[in-house]
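> The residues making up each chain are set out below.
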Amino acid sequence: MSDAKFFAKGKAAELRLELTSDKKDKNYVRRKTALKRIVANMTMNNNEMIQLFPDVLDCIKLDSLEIKKMCFLYLINYCRLKPDLANKALPVLLDDLRDRSPLIRALSLRTVSCIPLPAFNEALVDPLGRLLRDPDPYVRKTAAFGVAKLWASDAPLVEKSGLIEGVNQLLVDSNPTVVSAGLAALTDITDKSEGMKLAIGYQDASKLVQILGDCNEWSQTYILSALMAYTPQDPAEALLMAERLSPRLQHSNASVVLGTIRVILYLTHYISDDSAIQGLVKRFGPPLVTLLSKPHEIQYVALRNCFLILQQYPQILQNDIKVFFCKYNDPIYIKVTKLEIIFLLASEDNIKEILRELREYASEIDVQFVRKAVRAIGKLAIKINTAARDCIDTLLDLVATRVSYIVQEATVVIKNIFRKYPNKYESIISVLCKNLDSLDEPEAKAAMVWIIGQYADRIENSDELLDEFLFTFKEETIEVQLALLTATVKLFIQRPAKGQELVLQVLKWSTEETDNPDLRDRGYMYWRLLSSASGNADITRQVVMSEKPAISVESDKLDVRTLEELSLNIGSLSSIYLKPVSQIFKGTKARHLEQSPALRRSDSNFESPGFYPNYTAANYFSTNGGDLLSE
Amino acid sequence: MLSAILLYNQKGEVLISRIYRDGLRRSISDLFRIQVISNTDVRSPVLTLGTTTFCHVKHENIYIVAVSRQNADVALIFEFLYKIVALGRAYFGKLDEEAIKNNFTLIYELLDEVMDFGYPQNTETDTLKMYIMTEGVRSEIRAEESRKITMQATGAMSWRRDDIKYRRNEVFVDVFEDVNLLMSATGTVLRADVAGQIILRAFLSGMPECKFGLNDRLLIDQPDDGNSKSKRAAKAAAGSVTLEDCQFHQCVRLGRFDADRTISFIPPDGEFELMKYRATENINLPFTVHVLVNEIGRTKVEYQVAVKATFGAKLFATNVVLKIPTPLNTASVTTHVTQGKAKYEPSENAINWKISRFTGGSEYVFSGEAELLSSMTKHKTWSRPPVAMQFSLMMFTSSGLLVRYLKVFEKSNYSSVKWVRYVVRAGSYEIRF
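The listed protein sequences correspond, in order, to chains A and B. Number 101 in the numbering used here belongs to position 101 of the first sequence; there are no gaps in the numbering. Number 1293 in the numbering used here belongs to position 293 of the second sequence; there are no gaps in the numbering.
One should not assume that every hint holds.
The list that follows gives simulated cross-link-like pairs (lysine to aspartate or glutamate, DMTMM-like), each with its CA atoms no further than 20 Å apart [as the list claims (entries may be wrong)]:
#1 K5/A with E1348/B
#2 K36/A with E1013/B
#3 K36/A with E1113/B
#4 K322/A with E1113/B
#5 K9/A with E1013/B
#6 K5/A with E1097/B
#7 K1058/B with D330/A
#8 K207/A with E243/A
#9 K1058/B with D1022/B
#10 K192/A with E594/A
#11 K26/A with D84/A
#12 K327/A with E1348/B
#13 K1148/B with E594/A
Just so you have them, the derived chain A footprint on chain B, three or more residues with Cβ under 8 Å [unchecked claim]:
#14 1206–1213
#15 1313–1322
#16 1392–1401
Rather than coming from a laboratory, the hints here were simulated on the basis of the structure. Where a beta carbon is used, it is the ideal one built from N, C-alpha and C, also for glycine.
Looking at chain B on its own, in the form it has when it is part of the complex (with noise of 0.2 Å):
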């Protein structure tokens, strides 16, 4: 297992450094420093020298390194990894130099507690922040209120206390759905899915038991015949959703879902991932665009780029954002827009076009040309990056899902009160040209 995890702000200078096995030399701290933070062309997240291996994931302004000595679960180094960027951002609302040198001994704490020789133990943080405090609410803990916390923290439920009231019990939930679309420059879909998160944010007292039920038809299990596509468009008119797949946090019980596909779980308290799911059939793509990029001899490229809603005119979407790119080697750039901004980045090697509102149903057009500089230098061709899109758009989901029901059992018998918001942004949203 880990050998090691080490902090770096960007300069290469550790932060943190807590070793948890023998054989590893001090010095090992300057070997990843060379190797990695000052090369220019890192090429892996994983680095082996002779028998040392570094895995690394970079966060804000820090490198978060893992240091092993064998054949060690790179899926659990790296998922531990991430979740020491979970618990800074529980701990500390964000986890980067600042917060890390303002909270180091905290951090060699939690350090000592998540794991023990390498292995990870428990990184819930709602246990966690029984008995490892931020500085000022700490007290010396009892020995029995100890003991509570080591049930919580080994027990089968080591995610949720037992003691928790809310005068009101409500519960948030929020699907969003990030849609991926990589278009050609024909205009034909290459391809697009929908990646969707279930964020709940549970505020229940007690141990409540929950129901969760979804319009889906999971793909799973059933025999792939010819006729399946057509069998699937038939549900989605019947207004099921078909999801290729579903993952779920560690509170929902699996053996159940396998069993009769019901979502049920006694949830964490606050906000956690209940699900994550993947559709690819039947997308509603929210936007569709058209773009037509002519280059001009060697000092001019043409733009036209036309993008409409497909969604129904009482919604609205925001942020829109669309990055067309311009040659490296691009002087100046005139623009035209039929509405929102358009400004030529040059950092970027882009033209950002934002339209701050775009009702459905509408359609809006780009024109433009970027002047080229003939340079002395041989040309080199431009790569014509895809134009990419951004946007955030509420109350509609591309996959077509919807929350059926939440219920909650809890033997107090309290109500609750549920909330669903639906949100879509663009993942990759991308057209060639």
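Next comes chain A alone, as it looks inside the complex (with noise of 0.2 Å):
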């Protein structure tokens, strides 16, 4: 059993001849090894291969399963390339679909409706119908699928053949695994066709649940999905319904439990008793966490599952926040969705526990994760106000650590901190001011920059600093330009002496010497109001200085349209970027919940999000890892 050798480059000419030479081929062991090289160069994307069509073909003829299915392997590769060979290949696949041994024909039927050709296509409709009736539930089972690759290949010819409705006797099938299979080759049908659309009655519905225990963990999954195409019309059904279910949430596959809190998230929105989905939803809990012992991705998996979940039901785990805790070899992407999730679940009663755990993590060696850890810190200054004077602390330690991005991404969070409780913490500015030299990203220093500006009347030197950072004006980022112009038009407001020979300066550039429109026109505007307003200063300030809008982390939430959009996707790869589906996918239909009688839905879910004119507050975390690249 060396069968490694085969990965060698190979010629085409040359394997020719060991299939079609015409030498004693005992048990075929000379073609089989040479189908064997084929294979490998294949999959090495070696593209002579293509040159032996015919004479691959000619060996399906041969009585060898092992050879029929090399050859059949190879043709599904390389049908498109050479469409007219190919059909030389299709009688003994139909003469196949006729074969004594179920599993003969289901290989057939398997190849056949792989190849996207016409004259396949056409060829199978026939063969198709009476194999979804065939009396072994093994072929049933796999003509299933075979419709929906037909479907996939050729939509109108099997809209117009009755096929359809073939898969639909299905679902009355006496064995769970074809009625599951049926669910699935409708499931994929339905989601992209135009007019179909699945619908599973309250009846059916409740005889799915029933065989859910006789299938295996696949078909399970499958079936969960179709259930999310049946609609309550009453909320005792719904809750009936979901009762049943949560069983399903013992099992060991990720993938039910997950589909299993998928379905009992969407009938929630038919029951009409509150308690009786507090209990209901109470029980995601222990398997959600219990998913953390399976090996990383699905961890992974579960975390961003838990982490939307939490948005709408953060009391399932509110006391379970230790499991969240990181462990030090848990992958980068893990760390990240346990911090977010301990920020979540941040509360007056954990706080302390919490600021101790991201202390720690802060000292890691992950620059993006410590960045983000001493960010959270920030965040829930502003999020519990009881906590602030504590996160301060933590931060004010971690700035002494001297480490650059720390000191920088505690810079930006203070800032937001001042803006949360103005004229509270200012005694920590001359720390801040200590640390000026190792700010060099844009951020860093705009949050700086504000500071100075809004602090400039009792900022000793507040005038030299802004000077320092108005040296290098010119070479600086817009951002950071903006926030140096408002500061020393605020300087210039609290300390007129102080300002008076900067402001012109600074006037001056973002006018006459800037081709950012942006920059040109705030300095415009300073301008004329500092001039036409000299006797009237008051007024200047009232403007300049006037009052923030207060800021929250709350923008950090997701938006109630899109969360009930993304909890009717638990479990799919629309959950681990939390946004939209069709934001990743485009042209997949968006899942909604359909009317009824039992749907639930007060119009108060639907107010437009709060404005929030903070334009920093927000997207601390970003939700996707910067891993997703749109089209």
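Fit the two chains together into the complex; they arrive one by one in their own frames, and the hints show the way.
Here it is, written out as structure tokens:
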């Protein structure tokens, strides 16, 4: 058993000779070997293998299952490139569809339906209708997927053939695996079809829940996906269904667990009894935590979905915050998601414990993670009023490490703390001023400049500090330039004598020596304000030093609509990115709640999200780990 | 659902490429190689480029990759990828580059069988082995035979054949517990829990109906009133354990469990994981560790580590290793231990203190010093990773769980022998300092 040697580049001519030579070939050993080399070369993308098309097809007729399987594999791979030649294999395949052995019938069916060529599609319609009613369940199940494949390749052909009706019949099949295959096929088709929609009534949904226990894990997931097509008409009906599904939460397959949660969450929209809903969602907690003992990738999926579910029902894991503490060896993607969950679950009761934990993370190696930990500390000060002092102390402790990126991150969040609690913690400004040299990122610079401008009258040497920043004004990013402009004007208003010289210089730069329209406009606006209101400094002060809108961390939360759509997609890729499906996968049908007398939807759920004028407090946590590329 | 399964070696060469859905270019394999395998900073196992998503797991020296072009069930994808690993183990002992290259045609056959149109099908080894076999034993399967196989593959009990016979009917029950600990520098337990699994190796004839009993009191559905803590403690004293949650193999009847908490099932043949559980209350920590680390200036770190076994003197733990981290600029290390051996491993930035046999009740001490290089470059603070401990301890459970009974009923009424074994291992057993 050392087939590894076949992974060497082969020559087509040489292999053809092996396949076609009429020397004795007992048990087809020679041809088997040649075909193995061809399959290996095909895997390595050796395009020379395409030349062997007729020779490989000739082997299909040989009486050996092993050879046949290799030929089929070859055919599926290259059929598109040689459609005319491929058609020659059709008679053998169609013949196999009538083989006595159900395994052969299914194998041949799987192969034919994989080949998206018109001749194959058309030749398959009639046999497929027959195989949907095959006496063998294994063949019927394969036929169900066959219809879905055929539809993907030629939808009109299938829709006029009556095959969809045939799959529909499978939903009352006596074999649970066949039922689930039928559902999977129909779900696959209707997810993409313009005109068709899957709808399941209560009686059928009820039967599906009943056969769940007789299906293998994968079939269970297909049934769970299909149950999303059931629209409860009555709250009691929805509740009963949810109750009957909940034992599935104990399944060891993460997809079954998350699929069950998805369906139950969907059903809660149709249940009127709030305490019953609380009872149902409370059962999600333990199974979700148990998924955290699975392999890392599955833990990651579980965590992303925890984060999603906790947005709506934070109470289900409120007391389990410790399970989200990072292990030293957790991969970065797990640590980042855990951090987001910890932030979400933070409250007055556990804040001390959390701060100790975050302080620990801030000393780790991964720069991006450390930054997120520091930001989280700052945001906690804003989220939990009573903890502000503790958070600030922790931040100052971190600033003292003088690690550049920690200081910068801390500067940014401290600015927001000043915004939230004006005139309360200014005593720490002096600490920040000691670390000006380590600021080299625009966001941190802009934050520091804002602080200097805002508290220009309290910082003894504010003019000198600003002057230092202004030295490189022209090289700065627009973000920093705007901040410098505003800060200089603030300085001038609060300490006219010290700011006069600087403000003239900056206004000149901003209006006459810049190409950026934003900067120029703002420059002109200040200029006009300062010159026209010379006799009325109070007005200028009112405008420039006006009271800021309050900031909060609520803007990090997903809005109600997105949350609702995501909760209907629990366990799917969109739950990893926490973005609406349509933003990631264009052309995918969005899931939404079907109308029904039982549907609870108070309009208050859909007030427009609040107005958050602050442009830096939002989006501290990028939701996708920076991996998402849009088209 | 899935569009393709790809297997790569570490160099990024494709070992297996099975495409299930139309619409993928053949160059798709290059995309993953460039974006993930050649990338030194991969921050997620899921990568979406345009509308194509790659989900991957790394196993041994290979990458197993699923390609999808829609909003697929990502939990299902990873469960399936790990199922491929399990199948590889069951068929070839392990799934690495060598095994794949040596069995690539068989793997293609398996991939054709376990997935259709990107939907996972029957993945039970027991059934698959009936008709997909390693070379040498393969014979063409007769039609009657194949009918039996198809019934098995689509049946309600796809995990078991009905013609199994053993002369001696035996079941081995292994209770494995991974105890996780996170202790703060001040010695408070930040987190302690147990992730347990119960592995059965069932060698039973026919279609045995099994009932399994533990000393558990499930927490679920209990009203969470103020004094529940004290109740649980009382229960622990009375010899029962509180499991936070359980998850079962698909053979267990979940409806029954939900109704009356009985674990009943017809097992697959051979080894399988019957259940997983989690416990967080009254955890018995087999070892307590005290760590003292002093950084003396920039050139020296002093260590003092004491570890004590809290279990009874009749038991002993094996393979005990404490991994004591050292700064990156460590030049040399001196150690002194009262038991076992301590060795500095520069490549791991740690001192490994090994004690091959650790008797219950005893306490051992490590003391040492690390001399540091005073480098010219800017002094970077040491992140002080936690001390991590490994061990394995037989006939002890940290959760207090015990197997009460395992009853086997079969229509031929044979008697069967049952064996139970308990092992506690360190999961992530970490002590900060």
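> Are there three or more residues in the segment 1392–1401 of chain B whose C-beta lies within less than 8 Å of some C-beta in chain A?
violated (count 0)
> Hey, K9/A versus E1013/B, does the alpha-carbon distance stay inside 20 Å?
13 Å, holds
> Between K26/A and D84/A, is the straight-line Cα distance small enough, at 20 Å or below?
32 Å, violated
> Given the hinted pair K36/A and E1113/B, is their Cα-Cα distance within 20 Å?
19 Å, holds
> Checking one constraint from the list: CA of K207/A to CA of E243/A, max 20 Å. Satisfied?
14 Å, holds
> Would the hint linking K5/A and E1097/B be met if the CA-CA limit is 20 Å?
Answer holds: K5/A to E1097/B is near 13 Å, not above 20 Å.
> Does D330/A lie within 20 Å of K1058/B when you go C-alpha to C-alpha?
Distance ~15 Å between K1058/B and D330/A Cα, so the pair holds.
> Within the assertion that chain A covers the segment 1206–1213 of chain B, do at least three residues meet a Cβ-to-Cβ distance smaller than 8 Å?
Check failed, 0 qualifying residues.
> Straight-line Cα separation of K327/A and E1348/B no greater than 20 Å?
18 Å, holds
> Below or equal to 20 Å on CA atoms is what counts here, so check K5/A against E1348/B.
Not satisfied, since the Cα-Cα distance of roughly 36 Å exceeds 20 Å.
> Holds or violated: K1058/B and D1022/B, Cα atoms, limit 20 Å.
26 Å, violated
> Take a quick look at whether K322/A and E1113/B sit within 20 Å of each other, Cα to Cα.
It is violated: about 42 Å lies between the C-alpha atoms, which goes past 20 Å.
Violated hints, in rising order: 1, 4, 9, 11, 13, 14, 15 and 16; the structure is consistent with all others.
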